[in-house]
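> Here's the letter readout for the chains.
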Amino acid sequence: MIHKELMTIISTNRIAEDSIEMVLKNPCISEIAIPGQFLHIRIGEKTLRRPISIADCNREQQTITIIFKINGAGTEELAMYRCGDVLDVLAPVGNGFSIDKESPSTILLVGGGIGVPPLYFLGKTLKDKGYTVVSVLGFQHKASVFYEDEFKALGETIIVTNDGSYGEKGFVTDVLDKVPTFDSYYSCGPIVMLKALSTKLAGKEGYLSLEERMGCGVGACFACVIPTKDGNGYKKICKDGPVFHAEEVSL
Amino acid sequence: MIHKELMTIISTNRIAEDSIEMVLKNPCISEIAIPGQFLHIRIGEKTLRRPISIADCNREQQTITIIFKINGAGTEELAMYRCGDVLDVLAPVGNGFSIDKESPSTILLVGGGIGVPPLYFLGKTLKDKGYTVVSVLGFQHKASVFYEDEFKALGETIIVTNDGSYGEKGFVTDVLDKVPTFDSYYSCGPIVMLKALSTKLAGKEGYLSLEERMGCGVGACFACVIPTKDGNGYKKICKDGPVFHAEEVSL
Amino acid sequence: MTQLRVELPGLSLKNPIMPASGCFGFGREYSEFYDLSKLGAVIMKAATGSERFGNPTPRVAETASGMLNAIGLQNPGVQKIIETEVPFLAQYNTNIIANIAGSSLEEYEYVARSFNDTSFVHALELNISCPNVKEGGIQFGTNPKMAARVTEIVKKASKLPIYVKLSPNVTNIIDMAKAVEKAGADGLSMINTITGMQIHLTERKPIIANKTGGLSGAAIKPVAIRMIYEVSQQVKIPIIGMGGVQSAEDVLEFLLAGASAVAVGTANFQNPFICSDIIDALPSTLEKYDFQSVQEAIGKGILV
Amino acid sequence: MTQLRVELPGLSLKNPIMPASGCFGFGREYSEFYDLSKLGAVIMKAATGSERFGNPTPRVAETASGMLNAIGLQNPGVQKIIETEVPFLAQYNTNIIANIAGSSLEEYEYVARSFNDTSFVHALELNISCPNVKEGGIQFGTNPKMAARVTEIVKKASKLPIYVKLSPNVTNIIDMAKAVEKAGADGLSMINTITGMQIHLTERKPIIANKTGGLSGAAIKPVAIRMIYEVSQQVKIPIIGMGGVQSAEDVLEFLLAGASAVAVGTANFQNPFICSDIIDALPSTLEKYDFQSVQEAIGKGILV
Ligand SMILES: Cc1cc2nc3c(=O)[nH]c(=O)nc-3n(C[C@H](O)[C@H](O)[C@H](O)COP(=O)(O)OP(=O)(O)OC[C@H]3O[C@@H](n4cnc5c(N)ncnc54)[C@H](O)[C@@H]3O)c2cc1C
Ligand SMILES: Cc1cc2nc3c(=O)[nH]c(=O)nc-3n(C[C@H](O)[C@H](O)[C@H](O)COP(=O)(O)OP(=O)(O)OC[C@H]3O[C@@H](n4cnc5c(N)ncnc54)[C@H](O)[C@@H]3O)c2cc1C
Ligand SMILES: Cc1cc2nc3c(=O)[nH]c(=O)nc-3n(C[C@H](O)[C@H](O)[C@H](O)COP(=O)(O)O)c2cc1C
Ligand SMILES: Cc1cc2nc3c(=O)[nH]c(=O)nc-3n(C[C@H](O)[C@H](O)[C@H](O)COP(=O)(O)O)c2cc1C
Ligand code: FES
Ligand code: FES
Numbered sequence: 001m002i003h004k005e006l007m008t009i010i011s012t013n014r015i016a017e018d019s020i021e022m023v024l025k026n027p028c029i030s031e032i033a034i035p036g037q038f039l040h041i042r043i044g045e046k047t048l049r050r051p052i053s054i055a056d057c058n059r060e061q062q063t064i065t066i067i068f069k070i071n072g073a074g075t076e077e078l079a080m081y082r083c084g085d086v087l088d089v090l091a092p093v094g095n096g097f098s099i100d101k102e103s104p105s106t107i108l109l110v111g112g113g114i115g116v117p118p119l120y121f122l123g124k125t126l127k128d129k130g131y132t133v134v135s136v137l138g139f140q141h142k143a144s145v146f147y148e149d150e151f152k153a154l155g156e157t158i159i160v161t162n163d164g165s166y167g168e169k170g171f172v173t174d175v176l177d178k179v180p181t182f183d184s185y186y187s188c189g190p191i192v193m194l195k196a197l198s199t200k201l202a203g204k205e206g207y208l209s210l211e212e213r214m215g216c217g218v219g220a221c222f223a224c225v226i227p228t229k230d231g232n233g234y235k236k237i238c239k240d241g242p243v244f245h246a247e248e249v250s251l
Numbered sequence: 001m002i003h004k005e006l007m008t009i010i011s012t013n014r015i016a017e018d019s020i021e022m023v024l025k026n027p028c029i030s031e032i033a034i035p036g037q038f039l040h041i042r043i044g045e046k047t048l049r050r051p052i053s054i055a056d057c058n059r060e061q062q063t064i065t066i067i068f069k070i071n072g073a074g075t076e077e078l079a080m081y082r083c084g085d086v087l088d089v090l091a092p093v094g095n096g097f098s099i100d101k102e103s104p105s106t107i108l109l110v111g112g113g114i115g116v117p118p119l120y121f122l123g124k125t126l127k128d129k130g131y132t133v134v135s136v137l138g139f140q141h142k143a144s145v146f147y148e149d150e151f152k153a154l155g156e157t158i159i160v161t162n163d164g165s166y167g168e169k170g171f172v173t174d175v176l177d178k179v180p181t182f183d184s185y186y187s188c189g190p191i192v193m194l195k196a197l198s199t200k201l202a203g204k205e206g207y208l209s210l211e212e213r214m215g216c217g218v219g220a221c222f223a224c225v226i227p228t229k230d231g232n233g234y235k236k237i238c239k240d241g242p243v244f245h246a247e248e249v250s251l
Numbered sequence: 001m002t003q004l005r006v007e008l009p010g011l012s013l014k015n016p017i018m019p020a021s022g023c024f025g026f027g028r029e030y031s032e033f034y035d036l037s038k039l040g041a042v043i044m045k046a047a048t049g050s051e052r053f054g055n056p057t058p059r060v061a062e063t064a065s066g067m068l069n070a071i072g073l074q075n076p077g078v079q080k081i082i083e084t085e086v087p088f089l090a091q092y093n094t095n096i097i098a099n100i101a102g103s104s105l106e107e108y109e110y111v112a113r114s115f116n117d118t119s120f121v122h123a124l125e126l127n128i129s130c131p132n133v134k135e136g137g138i139q140f141g142t143n144p145k146m147a148a149r150v151t152e153i154v155k156k157a158s159k160l161p162i163y164v165k166l167s168p169n170v171t172n173i174i175d176m177a178k179a180v181e182k183a184g185a186d187g188l189s190m191i192n193t194i195t196g197m198q199i200h201l202t203e204r205k206p207i208i209a210n211k212t213g214g215l216s217g218a219a220i221k222p223v224a225i226r227m228i229y230e231v232s233q234q235v236k237i238p239i240i241g242m243g244g245v246q247s248a249e250d251v252l253e254f255l256l257a258g259a260s261a262v263a264v265g266t267a268n269f270q271n272p273f274i275c276s277d278i279i280d281a282l283p284s285t286l287e288k289y290d291f292q293s294v295q296e297a298i299g300k301g302i303l304v
Numbered sequence: 001m002t003q004l005r006v007e008l009p010g011l012s013l014k015n016p017i018m019p020a021s022g023c024f025g026f027g028r029e030y031s032e033f034y035d036l037s038k039l040g041a042v043i044m045k046a047a048t049g050s051e052r053f054g055n056p057t058p059r060v061a062e063t064a065s066g067m068l069n070a071i072g073l074q075n076p077g078v079q080k081i082i083e084t085e086v087p088f089l090a091q092y093n094t095n096i097i098a099n100i101a102g103s104s105l106e107e108y109e110y111v112a113r114s115f116n117d118t119s120f121v122h123a124l125e126l127n128i129s130c131p132n133v134k135e136g137g138i139q140f141g142t143n144p145k146m147a148a149r150v151t152e153i154v155k156k157a158s159k160l161p162i163y164v165k166l167s168p169n170v171t172n173i174i175d176m177a178k179a180v181e182k183a184g185a186d187g188l189s190m191i192n193t194i195t196g197m198q199i200h201l202t203e204r205k206p207i208i209a210n211k212t213g214g215l216s217g218a219a220i221k222p223v224a225i226r227m228i229y230e231v232s233q234q235v236k237i238p239i240i241g242m243g244g245v246q247s248a249e250d251v252l253e254f255l256l257a258g259a260s261a262v263a264v265g266t267a268n269f270q271n272p273f274i275c276s277d278i279i280d281a282l283p284s285t286l287e288k289y290d291f292q293s294v295q296e297a298i299g300k301g302i303l304v
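So the protein sequences, as listed, match chains P, G, C and D.
With the UniProt record's numbering, letter number 182 in the first sequence gets 182, and the count goes up by one each step, no holes.
With the UniProt record's numbering, letter number 100 in the second sequence gets 100, and the count goes up by one each step, no holes.
With the UniProt record's numbering, letter number 254 in the third sequence gets 254, and the count goes up by one each step, no holes.
With the UniProt record's numbering, letter number 62 in the fourth sequence gets 62, and the count goes up by one each step, no holes.
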């Protein structure tokens with residue numbers, strides 16, 4: 001169930017070019033949030049809330065971490081919020097990644113840009129459950145890379161930059177041959193990346209976290225629908241997603 | 001000439017019910033402002049600026065003082081500004097009170113509610129020039145009274161409240177017989193008060209500071225016009241006013 | 001105690017507040033935030049003859065104090081709505097208003113008649129801001145004759161009171177209102193969204209896949225107030241007002257302009273509790289402005 | 001170096017930015033803030049046959065991301081404007097556009113002809129959002145035939161290029177645009193304000209003495225963009241776009257929608273330097289979005 005909660009900003013840091021990491025205090029959400037879910041954040045007087053993934057969650061310290069890129073008026077305003085400021089959020093929103101493998105196995109995480117944050121919370125959770133985690137993270141260039149060490153702490157991690165200014169050069173899909181064999185993959189990033197990836201990994205069991213412009217964020221307005229593969233249905237990204245089985249929806 | 005200036009709030013105090021006194025630092029405006037002029041203040045993202053009179057001006061300390069009543073969304077937002085915050089203002093706006101008497105004489109100041117602030121800067125200036133100042137200040141009730149001591153320091157001061165909860169009971173016009181003879185009067189307040197006053201003091205030389213909803217505040221949009229007594233003309237309150245000779249405009 | 005009750009054709013409202021069509025789905029999602037029995041009524045998402053998948057995405061964009069939407073009447077179709085959605089809402093002690101849409105007179109008639117099969121729906125809101133495919137796609141809602149025609153047909157087909165939802169995208173809103181009143185409308189609902197567009201600077205194309213979308217939110221409130229103020233003086237049937245309502249003060253402004261009840265749309269996205277919050281604030285707001293009841297405030301802002 | 005220059009009928013603009021009519025008076029006040037020679041052009045406050053005192057006050061109200069105004073075409077009359085205002089503006093190295101209004105075809109014709117007497121005015125902006133007193137007060141701008149008629153007459157009377165300023169308060173903006181193009185308009189100017197109202201809760205009456213006022217500001221930008229996008233594909237004459245412009249990004253959005261130049265109105269009240277600031281920001285903004293010139297951006301947001 002979605003709650004409307006107030007979260008106090010207890011830290012805010014610029015961790016990469018135009019990228020902000022914020023740690024938010026909230027007992028209720030930090031207790032129930034699962035990887036892949038997001039916060040629907042009200043910013044100033046903006047008409048629409050902004051969906052931002054839960055990048056980390058600390059049940060003991062009762063904190064939620066978000067990482068967002070300044071991408072327009074709203075995130076620009078959010079970036080100016082300071083410690084002690086209070087955010088009005090709807091949370092936790094969405095279904096999250098389903099972690100259903102019986103026997104702990106090897107999982108590949110593939111993230112692109114602002115799709116990287118939710119994979120960190122997922123990776124940590126998988127590692128805790130005994131899975132082997134391999135990460136491939138794509139960024140624009142060196143300056144936009146973040147959380148490399150954090151992911152390395154979870155397992156093998158390959159960084160890819162479009163211009164090769166750091167790590168491998170190219171797209172995440174260019175380095176898939178470099179990763180060890182894995183049982184299933186979880187990915188979040190731009191639609192073009194998800195398309196290329198799911199085509200390249202067709203047959204493999206995969207889960208994709210999708211993005212779309214949202215209105216309500218709770219499933220009431222039909223703004224964020226995506227057609228299902230069978231052709232005669234649709235899913236709401238905010239409510240039925242944002243995570244879908246790669247076979248389920250047609251990108 | 002009107003300047004677009006930034007003014008830093010160096011103090012803000014609640015001096016009466018819903019009434020805020022703010023001291024603003026600005027070298028340029030504090031040097032040139034004269035009594036009766038106002039600031040046209042930008043507040044957040046509001047479409048229109050808010051006109052607020054200059055209640056005091058300290059040329060040495062380079063400060064401008066404003067006193068405003070919380071009267072709606074804009075003043076409510078302005079009241080939440082804190083020390084150190086910077087205001088975007090157009091100033092000084094308007095003609096101000098003309099102080100043209102050759103021989104210093106006795107001047108009556110009549111203010112009502114939010115019309116009181118500009119009279120303080122005027123009274124101080126008059127006193128410095130050697131005039132005798134008598135003030136009649138009208139407020140809703142006891143809780144809304146402000147600057148009584150400040151005006152007393154300028155000369156005889158009569159406080160009137162509509163409900164009689166403090167000072168005399170009734171309207172400013174009810175106590176005019178109590179004031180000593182004077183040569184001319186300067187007044188600012190609600191239009192109804194100005195009407196009653198100018199009728200009662202017909203014949204006496206008087207100056208009235210008027211209020212009207214404004215657009216540009218610089219004389220370009222024709223939002224704030226008032227017809228002249230001769231019937232076939234008009235004046236712009238923001239540019240030709242806000243102060244007018246009582247005989248000049250028809251209220 | 002101020003009195004919130006309002007009596008309208010087919011609708012005995014415990015208070016004048018209801019979520020606007022399309023902004024509240026069929027109530028399921030918001031029922032997790034508060035008890036829908038608190039609402040004066042619920043206006044359901046548009047129902048069409050058969051299931052519709054709507055427009056491609058993106059379907060929404062944000063504008064200054066507003067938003068654009070081009071959902072495209074996505075809905076499971078009138079039969080499915082009657083089977084699965086209406087019974088859900090019927091559990092709550094509130095009025096159910098069905099918003100009906102179509103691309104032809106026949107479709108409107110079919111949808112209207114279909115709602116005769118359920119006893120849970122109290123009134124129909126006739127959404128005439130839809131293109132008439134048989135007439136070159138011009139909207140029913142922008143032509144008085146076509147608006148009157150669809151109103152007549154729906155009125156004949158249905159046993160429920162009909163509130164015709166007017167489009168603001170017209171030269172003369174009064175002509176539209178009079179035309180549908182004459183055609184038998186029991187009430188009016190206004191305003192629907194104003195057609196707008198936003199262009200993405202880097203992509204160099206409209207943000208909304210449908211190119212244009214409907215502008216809603218606080219930005220359009222002055223247009224809604226103006227149209228309701230003008231129309232309420234020219235018709236005898238009651239008006240459900242909407243367009244940018246965000247607070248109890250806004251509700252009072254709509255009542256003063258001549259609306260008898262008020263729907264809240266876009267504001268639900270900002271605050272899922274908005275309808276509930278407004279209902280809580282309404283009594284004190286009415287008192288603050290010296291009104292004893294909602295009924296007393298209706299039309300009181302009209303200068304004659 | 002990006003190129004800001006734009007060539008329009010009668011107007012050789014060093015840049016596409018000009019203050020909108022009624023929001024800049026006759027330039028005197030804003031000339032104290034910056035050198036008006038910086039502007040592509042100046043559109044003067046409306047001129048009528050003889051002096052007008054306009055509507056009673058209050059004449060303005062603030063709305064969400066916008067404002068309402070009902071100034072009522074207050075102006076000293078065309079002769080006085082030609083004698084005293086035009087010469088003032090003529091000192092500056094910019095284009096002068098005269099906005100003309102009237103209550104009858106005769107008045108429009110007289111005002112238009114009067115501007116033939118000065119060599120300083122480069123074009124006329126024909127404001128057709130005025131009631132035609134002889135035709136029961138319906139606006140010239142809401143009826144294609146009347147709009148075409150007044151355009152023809154003004155075109156005949158004047159030796160200057162005519163930009164017809166369209167009202168957005170119509171069902172079909174394309175019909176209006178085509179009608180005035182056919183009638184000889186050299187260009188279009190759009191949009192004028194959208195009719196709205198705000199009611200004062202304590203006073204229980206409209207805030208604006210005229211009851212209704214014209215809505216302007218950021219709130220109406222999506223409507224302006226939509227109408228310009230639609231019209232620019234249906235006419236061959238250039239469009240001066242306006243409606244809620246507050247930044248160089250907004251200007252680019254109007255260019256992408258099909259406008260060839262852009263006027264800034266309400267934003268002058270927020271920031272008296274806005275036109276100057278936008279002109280300074282325009283080159284880098286064009287570069288940021290990969291345009292070499294203003295000319296190159298015109299209509300580039302149109303999906304075909
Ligand atoms: C489920 C989900 C999770 C997300 N998680 C993250 C995250 O963890 N970190 C991060 O940096 N970004 C994330 N995003 C993208 C983020 O929501 C957008 O970058 C943000 O909404 C942009 O808002 P703005 O005001 O800066 O941009 P503007 O362009 O000013 O926004 C205008 C409107 O468009 C919407 N919008 C613009 N871009 C996007 C987009 N890419 N996706 C969805 N809506 C958009 C905004 O929400 C707003 O409604 C996520 C998006 C979704 C759907
Ligand atoms: C020349 C002049 C000097 C003033 N000096 C002072 C002063 O020193 N102290 C003080 O408390 N007030 C003063 N006022 C009144 C003050 O401008 C209004 O109280 C204020 O604008 C209200 O804004 P708001 O956002 O709180 O109200 P809102 O109702 O939210 O304002 C909406 C719009 O209406 C306008 N408006 C509302 N009430 C008034 C009003 N009474 N006069 C003019 N515009 C109004 C606002 O400026 C704004 O454009 C002065 C007004 C004028 C014209
Ligand atoms: C996302 C969205 C979907 C809508 N869907 C419908 C609809 O299906 N039928 C309808 O008559 N109006 C629909 N509307 C219009 C609203 O019911 C309402 O008339 C309009 O949004 C103005 O109110 P508001 O400003 O409070 O949102 C929709 C509006 C929005 C924002
Ligand atoms: C105070 C005010 C006065 C206006 N006067 C005129 C006018 O005299 N003639 C005219 O054609 N348009 C007039 N307009 C309309 C503007 O020129 C412009 O078309 C409209 O305001 C939209 O632009 P904006 O949102 O940038 O203000 C006026 C607008 C305002 C706000
Ligand atoms: S955003 Fe409203 S249904 Fe998903
Ligand atoms: S406010 Fe524009 S002329 Fe006075």
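Derived from the structure by calculation, the hints contain no laboratory data.
Hints are supplied without guarantee of correctness; some may be wrong.
Said to hold, decoys possible - Quick partial rundown of chain P residues pointing at chain C, CB under 7 Å, derived from the structure: (1) M1; (2) Y81; (3) R213; (4) C216; (5) V218; (6) A223; (7) G231.
To be verified - Here chain D is said to cover these stretches of chain C; the calculated rule only asks that three of the stretch's residues, wherever they fall, bring their Cβ under 8 Å from a Cβ of chain D: (8) 24-34; (9) 107-119; (10) 155-163; (11) 185-198; (12) 201-211.
Here the structure is a predicted model, which is why all the values come from computation and not from measurement.
In this text, a Cβ means the ideal position worked out from N, Cα and C, and glycines have one as well.
> Which numbered hints are broken by the structure, listed smallest first?
The structure conflicts with hints 2, 7, 8, 9, 10, although it agrees with all the remaining ones.
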